[in-house]
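Taken in sequence, the protein lines are chains U and X. Here the first sequence is numbered in full-length UniProt numbering, starting from 1 and rising by one per residue. Here the second sequence is numbered in full-length UniProt numbering, starting from 1 and rising by one per residue.
Any given hint could be a false lead.
Stated by the list, open to error - Okay, the calculated bits of chain U under chain X, using three or more residues with CB under 8 Å as the criterion: (1) 73-83; (2) 345-358.
To be verified - Pair by pair, the computed Cβ-Cβ distance ranges are: (3) X/D28 x U/I500: 37 to 43 Å; (4) X/A78 x U/I246: 28 to 34 Å; (5) U/R310 x X/A78: 48 to 54 Å; (6) U/R25 x X/A78: 30 to 36 Å; (7) X/Q29 x U/D317: 49 to 55 Å; (8) U/S20 x X/V19: 53 to 59 Å; (9) U/R328 x X/Q29: 57 to 63 Å; (10) U/D136 x X/D50: 55 to 61 Å.
Stated by the list, open to error - Dumping the calculated EDC-like pairs for lysine to aspartate or glutamate here, alpha-carbon to alpha-carbon at most 16 Å: (11) U/K437 x U/E509; (12) U/K175 x U/E140; (13) U/K37 x X/D50; (14) U/K37 x X/D11; (15) U/K478 x X/E59; (16) U/K80 x X/D11.
Hints were generated in silico from the structure; no laboratory data involved. Fair warning: this is a prediction, and the values are worked out from it, not measured in the lab. Where a beta carbon is used, it is the ideal one built from N, C-alpha and C, also for glycine.
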Amino acid sequence: MYRYDEFDHALVRERVEEFSDQVARRASGALTEDEFKPLRLMNGVYLQLHAYMLRVAIPYGTVNSRQMRQLAHIARAYDKGYGHFTTRTNIQYNWPALTDLPAILSDLADVEMHAIQTSGNCIRNTTTDVFAGAADDEIEDPRPWCEIIRQWSTIHPEFSFLPRKFKIAVIGAEKDRAAIRTHDVGLQIVKGEDGGTAFRVFVGGGQGRLPHIGQEIASAVPAADLLAYLTAILRAWNLLGRRDNIHKARIKILVASVGLEAFREEVDKHYATLRHEDLRIPEKEAERIKAYFAPPPFEDLPKASAPFDRALLADPDFARFARNNVRRHRKAGYASVVVSLKPLGGVPGDITADQMDAVADLAERYAFDELRAAYEQNLVLPHVKLDDVPTLWRALREAGLATANADLATDVIACPGLDYCSLANARSIPVAQALSKRLADMDYQERLGPVRINMSGCINACGHHHVGHIGVLGVDRKGEEYYQITVGGSPDEQAALGDIVGKSLPADEVAPAIQRTLDRYLEIRAEGERFIDTVRRVGPDPFRDAIYETLDAANA
Amino acid sequence: MKIVTANRLSDGRVIYAGVGSQPVEGIDQASVLDETTAEIVLAEVAGRPDIFVNPYLVEVQGHVPSGRDRLKERIRSAGPTVGHSVAGGVG
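Here chain U stands alone, though its shape is the one from the complex (with noise of 0.2 Å):
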């Protein structure tokens, strides 16, 4: 993985330096709220309801063991013991203390870390594919193009005070495993005509108040000339985008309300100056990026493994994790590893200090020291020989991480909510936990097969409910908490928003409700249909029918 050199370094130590006095400024009263906020804000700090919330940066999801052991002391020592992924594959912190703050960015940057630009109306952390360098689809790995975009996107002096907040994802498959098109900016890597690194370019996606899948802009932008076509669409919407109302500052709505053939010429007449500019990627300079993310010293093993197997028939637990946790490797007698963060009944997302700890030995032990966080807020262990598949999935299970639930109904995605955030309308994690322990039969589950249920605590939309399979969303009625239910939204490749299927529900409703959608799915599907082609299908309506058939029958 990419290791800092030394302007990385100064950058980041100058910057906990900067913040530490401006810490001590707002402790000290020199600096009122008002004053403190865009600073702390740049500095990934918020005031939530209960304390502040430090949100830390993992750059394109991946981490080593040194680092996962670093995030778990600083839960220990400045906060409850616990910290929280969240679905820009960054890690919460919900309870520092203002004061602990400059100690705790002091050891962040000791192991690499940092919190610029998690939060701000700035380019945000860079996601990927969670199984970048790993999956057997890629055309190649994303992750040296997304380090390129970090270090492009820095305390960019241009894009520092942008119109609101500027999210990009870059994949290198055709399967999006990063739901780009959910994105300000989403990157394909495709060939271009030459037969060189290219991107296919998709812009104006996005969540919140006014979702919208975003578009394909460009279909093969040379990889040399990445950062000049980024520099020209950030350009065109930071010049054009409305800065007079927030809810209409993301540059999805420039696009729809300009039209992409506009925003298009826009870019272009940008790009056309831009590509001869400095920005050019060397080729020397990608080469030598790429080569921090250069495969690990693979061994050359035969395609099955006899331990993975024997495990297989023996244990019928480690059948159901090999089934539904472990994924193909594009290398043979290995596989990546999810490591569930939703236990039946738990917080999804949310990881102890000694569950850190453990996984960190985990991936040092069997995995070449790599971690990532996936933005379905799960972790995965991206390399892990066959052989020793049974041996980690017991030191997960020892480590309470080995519900073998990836990708399945109780694997659901989820705000933190007004338990916590002060945006929220409603509470994102007990409707998540309700319906955790209501699918809690695992044979159930493995019958429904995949099914992604998100759920947001408000229209922001950090759960991305508009893009699950079933999104769930927290709206206040009269200082009560309902939750409106969507129904055949994808955040993949066949990116779409789930359609509204009626009025709200109040909260002891909704499990019951996605469980009788869940049935009504398991009746009438084709033989091999997952839950989404049923819906996309058959439409909404007899899912609307099984949502509200209880509460019609009530009203009758």
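Since chain U is already given, all that's left is putting chain X on it; use the hints.
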């Protein structure tokens, strides 16, 4: 009736204006005030930004939040309704 609440500058924790407008952590220790007095206390604590960050008024019945934001204020006063993710499960 109203109480005055804010977050504490040093650690962001929820605080209320208690006796003598002193910061207190428990909602049951908050001074329950009529509209006019509440405005006076709000102005008073707003003048102490070294302790009270973003102070505002909360409608209450007794010491229980009762206005439009009652759920949010109850969660603020009692902590996350889902407890904390600590070793051994959600506590």
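Can the suggested window of 30 to 36 Å be confirmed for the beta-carbon pair U/R25 and X/A78? holds, 33 Å
Tell me if the straight-line CA distance from U/K37 to X/D50 falls inside 16 Å. Status holds; Cα separation ~15 Å.
Measuring from beta carbon to beta carbon, are X/D28 and U/I500 in 37 to 43 Å? holds, 41 Å
Taking the Cβ atom of U/S20 and the Cβ atom of X/V19, is their distance within the range 53 to 59 Å? violated, 36 Å
Range agreement (Cβ of U/D317 with Cβ of X/Q29, hint 49 to 55 Å): holds, 50 Å
With the threshold set at 16 Å, check whether the alpha-carbon distance from U/K80 to X/D11 stays at or below it. Judged against 16 Å, a Cα distance of about 13 Å means the pair holds.
CB of X/A78 to CB of U/I246, is that within 28 to 34 Å? holds, 31 Å
Outcome of range test on Cβ distance (U/D136, X/D50; 55 to 61 Å): holds, 59 Å
Keeping to a limit of 16 Å between CA atoms, is the pair of U/K437 and U/E509 held or broken? holds, 14 Å
Take the C-alpha atoms of U/K175 and U/E140, compute the straight-line distance between them, and say whether it is at most 16 Å. holds, 13 Å
Per-stretch coverage check for the segment 73-83 of chain U, three Cβ contacts closer than 8 Å to chain X: Holds, because 3 residues of the segment 73-83 of chain U bring their Cβ atoms closer than 8 Å to Cβ atoms of chain X.
Hey, U/K37 versus X/D11, does the alpha-carbon distance stay inside 16 Å? holds, 15 Å
In terms of the numbered hints stated before, the structure departs from hint 8 and from no other.
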